[in-house]
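Participant: Each chain is listed here by its residues.
2 protein chains.
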Amino acid sequence: MGRGKIVIRRIDNSTSRQVTFSKRRNGIFKKAKELGILCDAEVGLVIFSSTGRLYEYASSSMKSVIDRYGRAKEEQQLVANPNSELKYEAKLFK
Amino acid sequence: MGRGKIVIRRIDNSTSRQVTFSKRRNGIFKKAKELGILCDAEVGLVIFSSTGRLYEYASSSMKSVIDRYGRAKEEQQLVANPNSELKYEAKLFK
DNA sequence: ATTACTATGTATAAACA
DNA sequence: TTGTTTATACATAGTAA
Chain P
1 MGRGKIVIRR IDNSTSRQVT FSKRRNGIFK KAKELGILCD AEVGLVIFSS
51 TGRLYEYASS SMKSVIDRYG RAKEEQQLVA NPNSELKYEA KLFK
Chain W
1 MGRGKIVIRR IDNSTSRQVT FSKRRNGIFK KAKELGILCD AEVGLVIFSS
51 TGRLYEYASS SMKSVIDRYG RAKEEQQLVA NPNSELKYEA KLFK
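Sequence order for the protein chains is P and W.
The C-terminal position of the first sequence is numbered 94 in the working numbering, with every residue numbered one higher than the one before it.
The C-terminal position of the second sequence is numbered 94 in the working numbering, with every residue numbered one higher than the one before it.
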C-alpha cells in the first residue's frame, strides 16, 4: 500500500524495517481499536519489536484479556477431550 | 473503507456487526502476520467476538507471547520503581 | 526516531448473488 | 447466511526533511 507493491518478507535494511514497523504498528493498533468498538469485541494485541521493545493495546485491560484467554483455552480442552474434566481418580475408576 | 464512510461506534444491527466483524477480523490477522514477517516482530493477537468466541493469532505461540509479556511487564515495574527489586526485608532495613 | 507528502496498493461498506 | 462485486475510503511505500 504505497508507492510500490512489496513482497511480505523480512525487510533487510534495518532503518527501513524500523520505519515500516512504526507505521504499521500504528495502523494495526488503530484497526484493533476500531474492531473492538464497531463489533463490541474484546481485543488484546501484544507486539515485541525486533529490538525487544514491548507495545500493547487492549480494549479492556491486558490482564482481563489474558485471563479470559486462559479460561477459553481450558474450555476448548474440555470440549476436545471431555473426559479430562473428570478428576484423576474418577478417570481411573471410570 | 468502502462504499461509504463510517463512524467508529458500535454497530447496532447484529447482522451487520457480524459481517463487519468477520471482514475486519480477517484484515487485522493479515496485518498482524505481515507485521511479524516484515519487521521481524513477535506478535500476539487475541479477539473475543461479542458472542464470546475466541480468535487468536501469534507469530510464535501465544504461550511464548504471554510469557514474554509477563517478563516485560515485570521489567517495566523495576524500571519504574527500582527499589521494588529488593526483597521486602531488604527494603525495611534500607 | 518522527513527521509530511502523495501516488499507489489495499481493505472494506454497501449491495447483491 | 456466506460469498462476490466494486466504488470508495483508508493505509502505506518510497522519499525527503
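A hint or two may mislead.
Straight-line alpha carbon distances no greater than 30 Å define the calculated DSBU-like cross-link-like pairs of lysine-lysine that follow [to be verified]: (1) Lys-33/P - Lys-23/W; (2) Lys-23/P - Lys-33/P; (3) Lys-5/P - Lys-5/W; (4) Lys-73/P - Lys-31/P; (5) Lys-5/W - Lys-31/W; (6) Lys-63/P - Lys-33/W; (7) Lys-33/W - Lys-5/P; (8) Lys-63/W - Lys-5/W; (9) Lys-30/W - Lys-30/P; (10) Lys-30/W - Lys-5/W; (11) Lys-5/P - Lys-31/P; (12) Lys-33/W - Lys-23/W; (13) Lys-30/W - Lys-63/P; (14) Lys-73/W - Lys-30/P; (15) Lys-73/P - Lys-63/P; (16) Lys-63/W - Lys-73/P; (17) Lys-33/P - Lys-73/W; (18) Lys-5/W - Lys-73/P; (19) Lys-31/P - Lys-63/P; (20) Lys-23/W - Lys-5/W; (21) Lys-30/W - Lys-73/P; (22) Lys-33/P - Lys-31/W; (23) Lys-5/P - Lys-73/W; (24) Lys-63/W - Lys-5/P; (25) Lys-31/P - Lys-23/W; (26) Lys-5/P - Lys-30/P; (27) Lys-5/P - Lys-63/P; (28) Lys-63/P - Lys-31/W; (29) Lys-73/W - Lys-31/W; (30) Lys-5/W - Lys-63/P.
Quick partial rundown of chain P residues pointing at chain W, CB under 7 Å, derived from the structure [unchecked claim]: (31) Met-1; (32) Val-7; (33) Val-19; (34) Thr-20; (35) Lys-23; (36) Phe-29; (37) Lys-30; (38) Val-43; (39) Phe-48; (40) Tyr-69.
I should point out that these hints are in silico values taken from the structure, not numbers from a laboratory.
Nothing here was measured: the structure is a model prediction, and the numbers come from that model.
Built from N, CA and C at the ideal position, the CB exists for glycine as well.
Participant: Take the hints in turn and mark each one as holding or not.
Facilitator: Against the structure, the hints:
no.	hint	result
1	Lys-33/P - Lys-23/W	holds (15 Å)
2	Lys-23/P - Lys-33/P	holds (16 Å)
3	Lys-5/P - Lys-5/W	holds (25 Å)
4	Lys-73/P - Lys-31/P	holds (25 Å)
5	Lys-5/W - Lys-31/W	holds (21 Å)
6	Lys-63/P - Lys-33/W	holds (23 Å)
7	Lys-33/W - Lys-5/P	holds (17 Å)
8	Lys-63/W - Lys-5/W	violated (38 Å)
9	Lys-30/W - Lys-30/P	holds (14 Å)
10	Lys-30/W - Lys-5/W	holds (22 Å)
11	Lys-5/P - Lys-31/P	holds (21 Å)
12	Lys-33/W - Lys-23/W	holds (16 Å)
13	Lys-30/W - Lys-63/P	holds (25 Å)
14	Lys-73/W - Lys-30/P	holds (22 Å)
15	Lys-73/P - Lys-63/P	holds (15 Å)
16	Lys-63/W - Lys-73/P	holds (11 Å)
17	Lys-33/P - Lys-73/W	holds (22 Å)
18	Lys-5/W - Lys-73/P	violated (37 Å)
19	Lys-31/P - Lys-63/P	holds (20 Å)
20	Lys-23/W - Lys-5/W	holds (16 Å)
21	Lys-30/W - Lys-73/P	holds (22 Å)
22	Lys-33/P - Lys-31/W	holds (14 Å)
23	Lys-5/P - Lys-73/W	violated (37 Å)
24	Lys-63/W - Lys-5/P	violated (34 Å)
25	Lys-31/P - Lys-23/W	holds (12 Å)
26	Lys-5/P - Lys-30/P	holds (22 Å)
27	Lys-5/P - Lys-63/P	violated (38 Å)
28	Lys-63/P - Lys-31/W	holds (23 Å)
29	Lys-73/W - Lys-31/W	holds (25 Å)
30	Lys-5/W - Lys-63/P	violated (34 Å)
31	Met-1	violated (10 Å)
32	Val-7	violated (9 Å)
33	Val-19	violated (10 Å)
34	Thr-20	holds (6 Å)
35	Lys-23	violated (10 Å)
36	Phe-29	violated (10 Å)
37	Lys-30	violated (9 Å)
38	Val-43	holds (5 Å)
39	Phe-48	holds (4 Å)
40	Tyr-69	holds (5 Å)
The structure does not agree with the numbered hints 8, 18, 23, 24, 27, 30, 31, 32, 33, 35, 36 and 37 stated previously, though it agrees with the rest.
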